[in-house]
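**Q** Chain by chain, the residues:
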Amino acid sequence: MSDFPWLTVMLLVPLAGAALVPVVGAALARQVGLVFSLVTLGVGVAVAAQYHASDGMQFTETYDWISAFGVHYALGVDGLGLLMVLLTAVLVPIVIAASWKDADEGEAGYGALDGNGQGGSAGFIAWTLALEALSLAVFLATDVFLFYIVFEATLIPAYFLIGGFGRAGRSAAAVKFLLFQLAGGLVLLGGVIGLYVVSAQQGAPSYLLSDLMSLDIGTTAGRVLFVTFFVAFAIKAPLFPVHTWLADTTEKATPGTSVLLVCVLDKIGTFGMLRFCLGIFPEASQWATPVVIALALVSIVYGALLAIGQDDLLRLIGLTSLSHFGFIVLGIFVFSSQGGTGAVLYMVNHGLGTAALFLLAGYAIKRRGTASIAAMGGQEKLTPVLAGLMLVAGLATLGLPGLSTFVSEFLVIISAFQYHWFVGAVAVTGIVLAAIYVLWMYQRTMTGPTPEALADPALPSSRDVSVREIAAVAPLVAALVFLGFYPTPLLDAANPYIGDLMSHVGVTDAPPDVTAPAAGHAEEAH
Amino acid sequence: MFLFTEGGHSIPVVDPLGTAGVFSLMWLVIALPLAGAAVLLLGGRRTDSWGHYLGTAMPIGSFAISVYMLLDLLGRDETERSVSQHLWDWVSVGDFRVGMDLLVDPLTILFLLLITGVGSLIHVYSIGYMSHDPRRRRFFGYLNLFVAAMLMLVMSENYLGLFLGWEGVGLASYLLIGFWQHKPSAAAAAKKAFVINRVGDIGMSLAIAMFFVTFGSTSFTVISQGAGEAGDGALTAIGLLLLLGACGKSAQVPLQAWLLDAMEGPTPVSALIHAATMVTAGVYLITRSNFIFELAPHAQTAVVVVGTVTLLWGAVIGCAKDDIKKALAGSTMSQIGYMVLAAGLGVYGYAFAIFHLLTHGFFKANMFLGAGSVMHGMDDDVDMRHYGALRKAMPVTFATFAMGYLAIIGFPGFSGFWSKDHIIEAALVESPIAGVCALLGAGVTGFYMTRLMLMTFFGEKRWLKDVHPHESPSVMTVPLMVLAALSVLGGVLFIGHWIVDWLSPVVGEAPEHALPIPALALTAITVVVVAAGVAVAWLLFGRRPVPATMPIDVSPVIKAARADLYGDAINEGLVVQPGRVLTSGVVGFDHSGADGLVRGGASVVAGAGQGLRKLQNGFVRSYALSVLSGVLIVIVTLAVVNL
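Protein chains in written order, with the working numbering: chain C, 34 to 559; chain A, 795 to 1437.
Worth flagging that the hints you see were computed from the coordinates, not collected in a lab.
Be a bit skeptical, because a hint or two may be false.
Stated by the list, open to error - In silico lysine to any residue, SDA-like type, Cα no more than 20 Å apart, as pairs:
hint, chain 1, residue 1, chain 2, residue 2
1, A, Lys977, C, Ile189
2, A, Lys977, C, Leu487
3, A, Lys1255, A, Leu1309
4, C, Lys414, A, Leu835
5, A, Lys977, C, Thr252
The following block holds chain A by itself, in its conformation from the complex:
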């Protein structure tokens, strides 16, 4: 159903049906991993021996239900593919009512399949990857908690429930980044991620407050149906506040600094949370709130700017990192920048944002798990300068990683080719500067990914002594193979414009827009730009031997990129240091100022220091008498007044 029209196209409203059939089980999708987390975290050592199997079974169960729901949705009419379930009243005060309400629609179901599908594969992989860790059971408990929270995030029918999931994934991310708590760097990274995300939460909290003031509700249904009546200022403010929230969770500039540190967590965590799912929550938020952003063009412009800046920012960082996980993290930041950019293009971009989100989920999870497999064989060394020539030692890891590589650089036919190409195309039409930046970014992507590939799998051995790389066990390589297949074939979602048509009941149908040049020519240009990036990387890292230690004498650009473009330095100078000064100032003031003032006042009342001391001593012993005399005063006064 289309309720209102804006700028030549219709904006759909959220208008779900009641539950029936398999949809009455939608709560189970969340409840299964939540129960898994509860059993594993409360059960203690009793569950050590079988905990990882239970933990793996739970997301697989959720995946099965999600597939069932997808099949049901596929058989339905386009207007009936939105279903909601009311579980219980959560917060009801006055006329403000928020329920624990769930929603499954064409957008949510794609996320359910990604989260539970890729999530299950990563659980399986973790059985092998974490097998030597004495706290593996706890790890699976946290992973299950994450999956449950992420599912809550995408299944809630209102912004408050979304925020519950939003903070839940933040908590799981905190616990998992800091999983190896005894390392101070891990503990600090976990706290940093949470605190920076809390800055984003200011945006989320105030956006929810604005929903309350403007619509008296946080329900997607109510807000989407009333958005046309709201004032432009309110809509723009809501859009910008939601963008702030998205910047935190999706590591977009200026709240990007936590993601690289987050690589302190075990590698399956980086694959699941910091590549495939949680960090894409900002893209989900913007796409889900299309009924706000479509009516707030200024906010959309801000989204495009943030996405464009971040896609370049992350790509530049990815070029200079020798730590394989941090290079991939820079890449993730950049790829999410593409998604945010696409979401900022409104109805022209939502479907491609989600398309790229899914394919990125496949190929980036694949490559992170591949990096984990490499680390597994290299005694947890992450420095690519100590790698080289691993393609023979780890043939399966190499082959699957290569599929992810070809997908991310956009090799024709691979999944990333389809999804990225359309973002560049849409951006060039709607926002040419962003489009050119996106094209440039594709070239940089080709460069840093080729560099990573060459340094890890090709060239000479630069292994440290006593390192004997070996292929990982099949519990780890089978998930890699599945993800590699998805990285290759993810493009099938676009056959016959399927994903665009599928999402149109949620995000709307884009009007035709004319390309400045033929689409095929644009694709050719993109491929040439990527090829140029690949070629430069080959010249620098393929043709010449890679130094086993990091060159010190490098250009300022590389130095800046190695320092994450000074993101931490900026935070340190603008926020942390002033904050420290402010805090110690307040503590000092409280001691000498506020307390001194009150103490001084008390002294005056008591007749200066000596008297005070006497008063204190005397008072203490005869306090009961004081109360009594107080009562006496009252009674005397009352008597006087009465007379």
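The shape of chain C in the complex, shown without the other chains:
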């Protein structure tokens, strides 16, 4: 591995883009933003190409920052980090392309619903790139203090993206988002300080993840600190009952912002649970398992029921994520290879599927001028390609086999069942509820007779997806199908990471009840 600071470069590219976009102004903002985000993706691909699945944390860069407190500028990437980095780097150019306000096509722009705050403007692009840089830093930081700072810093671009672009009422939604996240951040701050105390007591203080993972924290202190980390991550993810910012935010923000929030930023919650809760507090994580699993199960069912009851398309999609994050947390806390790998895959697949669904819903809303499900209907006849893409994204959300989301959901369900049959039985009701919220939504928005008022083919509602719109979501749909049949690229990154984590936690998989004798032709064949 070369000494080239790949990871720092990966952070600096979008940061430079964010600084440059306001300078070039509105005319070139989108083009510059797209180029910088694609270069970032290129760096991500270069890292992935040089990554060795079995080597653990790599591309490490460690420099002392505040040596008195053991704070470092330390970056590194492991299997989990690599997948999250790639997910982020893939989604940002897609968001920029999908939010493109194309004057030639005469699109009103999503934000035009209240005549203000359009996605695709210079401000939107700049904040998006800033958010990308900070999110990448979160996934790459291997120093807890550095992690905390960038974790908090992501809120600044996120706040401005929510508050600046979207529908009426977005300011209130942004404040609500901020207050929730800030509360989580303050709790986390307590935990970060506590870690220093423990670390300092045992010699030289260090915030390096590798040092903290080998620290003997002690049962009580470990459990207290675990709770502070877990609460912060539960708000971020989100998990019941600290989820209520989610629906308001996704309803008011632009679909592009929602993709960044739900598909990237929220992953920090489950990412943090894996890396910090299980990594630094393995004993406390297992101690808390029953409560966490209960919260996860409630989230799965409660989120799905909430989604069924929504009339706002974007609010509905936001709430499906509450159910999905329940699955991810469940997979993490059943402590098995299948559960852990399932959770990591779920984080990636949810990102792909939900991003497609948000963006396509945005396309549909732009055409109909409303996000109310009851006011839509009959869109399939007007725009069959949009409807078809929407259906594929919806099927991914309900975990249809053949799409990548199925693989992860199935792994989580079987390992939940292995943990306890009752847990698996509750979780599996999620697949029925998901079918209801997706297909009922599709039925009410896309099928049925087309309203007479929309019969004129010159209306925007009759224009099927443009080449740009397809180009933005096609990579997502293609990935959902490809990884559904061939998830090996994801598994190759996730399996060694989860294997290391499980042995760090000290858990081995339960063997099956029956081990069949290999006999007959089967033996000859192999």
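On the provided structure of chain C, position chain A as indicated by the hints.
**A** Same frame as chain C, but now just chain A:
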């Protein structure tokens, strides 16, 4: 190879050979229709002019390969008729490995021939039937997708791949029921079918989870070889969970309510998916899992109960429907009930379940396509009260339909006679109550099918004005003729007990069991019962003119049957309404309860409402400062601790 013995007979295990010769092409059987679907659905309007030919060529190609494989299997020794092909590793995590693995054995090959054979005929028929539909290309794309998924279902060597096909056919069924999406009834029926099937999928998902926990694998090979070691409780649970899955896909009580609504789809769909192939997947699942059910007698009893209840349930519904497709759908439900009942009888019934599945595939596809031909001539009217005397206007449709009719009622010599008779016989020995119900069901079948026949083809014209019935074009009638011939001749599969012997390497060999009465006498009784049903129908619908409007003043039994025995009302009252209340309750709670709680907490922290508002405004502008002060606090604290 027989690995273990249970209850006096041996249970075969799945133990396939590696691929060689034509079997290295088995992946193509699935890949051809899958490629067809991809080209037609992604190709867009460019493929409009020739899409239906491509779509038809694909299943024909799969059929050719399947025939080739059958010939190869026929030339092999009985113990070497099971072949598997590993395509790639699908999901490998820890010690749990699932491959994209295919299996062709005597059971699978019969399904391959049914799916690709009947499927090809239905594709040909659809060229004519859908010729006026502007979205015909898309229709063929969906049909190809269905065929590929159905082939995956029966060819997978493990339960996860089977589930992939299982959900794939569910998706295709959803797309095709809702093909005419602009009709709200079609869109609702499509969603209903998918959601009810998802309830069944709970069973499938948890069964797969149990396979993982119990055997660490989903492979038929591994599970069948280890099943003897598993606990009784686990096996019974797996059996019941698989049965739940089968109930959904095969429209068995209590998950039957979607099938009648599914008739919203174009008629070739009803013939292919909702009669001949997909709805029989539950029977395949139970037969394929014989190594589980043979060891789980309680689960087998449940299978018998479900099959028996459904065969009567569907038959009663079939008696009261005036919609020709819904009458046939009730009949399908009932006939699959026979198959499920037979599969529940274990080794005595598996072969007959599959035998009846094949003959039913022939005669029911024949009759559904015949019904489509009638609708084609009657301007898409499905109400049999508007039919009558069509035998002269549509002679080919009439003649071919009559072959299907004679087959389903079990007229001696026709295919259904052989297959149904043996199910009744086996049921009477193994489970007398079920056997008597099956016998009764045969009489009811005779009644409702005769009613349908008389109302459609005989009696007076009751046509609405401006309807000019005409025979369908030959692209539609030739497939009808082929299926009619199969309906007549399907019984040849039973010559010399061929199908029983053929399937025995998969399902086992049944020990001799003594009939309470001579077999010939039993056959005679069955024929008499059927004849009685036919006679009653003739008295009510043949001798007397049929009213052109539905009589309102009828007995409660007929009212119940018209309402699908209140299946929808039960679902509505027990599931949908409570679900709606629960959903709105949760939404309300989330707004006032969960959110209120958190908001309230925030207010307290901030010092009540006024303070909160100030805090919000202030915070927003100086947020960066807050983060900075946070960092400052850390540094100060660290300094304090250090000192």
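**Q** Hint by hint, say whether it matches the structure.
**A** Verification of the supplied hints:
Simply put, Lys977 (chain A) and Ile189 (chain C) have alpha-carbon atoms about 48 Å apart, too far for the 20 Å limit, and the pair is violated. With a CA separation close to 17 Å, the supplied pair Lys977 (chain A) and Leu487 (chain C) stays within the 20 Å bound. For the given pair, Lys1255 (chain A) sits about 48 Å from Leu1309 (chain A) by alpha-carbon distance, which is inconsistent with the 20 Å threshold. Our distance criterion of 20 Å between C-alpha atoms is met by Lys414 (chain C) and Leu835 (chain A), whose separation comes to about 16 Å.
At most 20 Å may separate the alpha-carbon atoms for a hinted pair to count; Lys977 (chain A) and Thr252 (chain C) exceed this at roughly 63 Å.
Against the hints set out earlier in the document, violations occur for numbers 1, 3 and 5.
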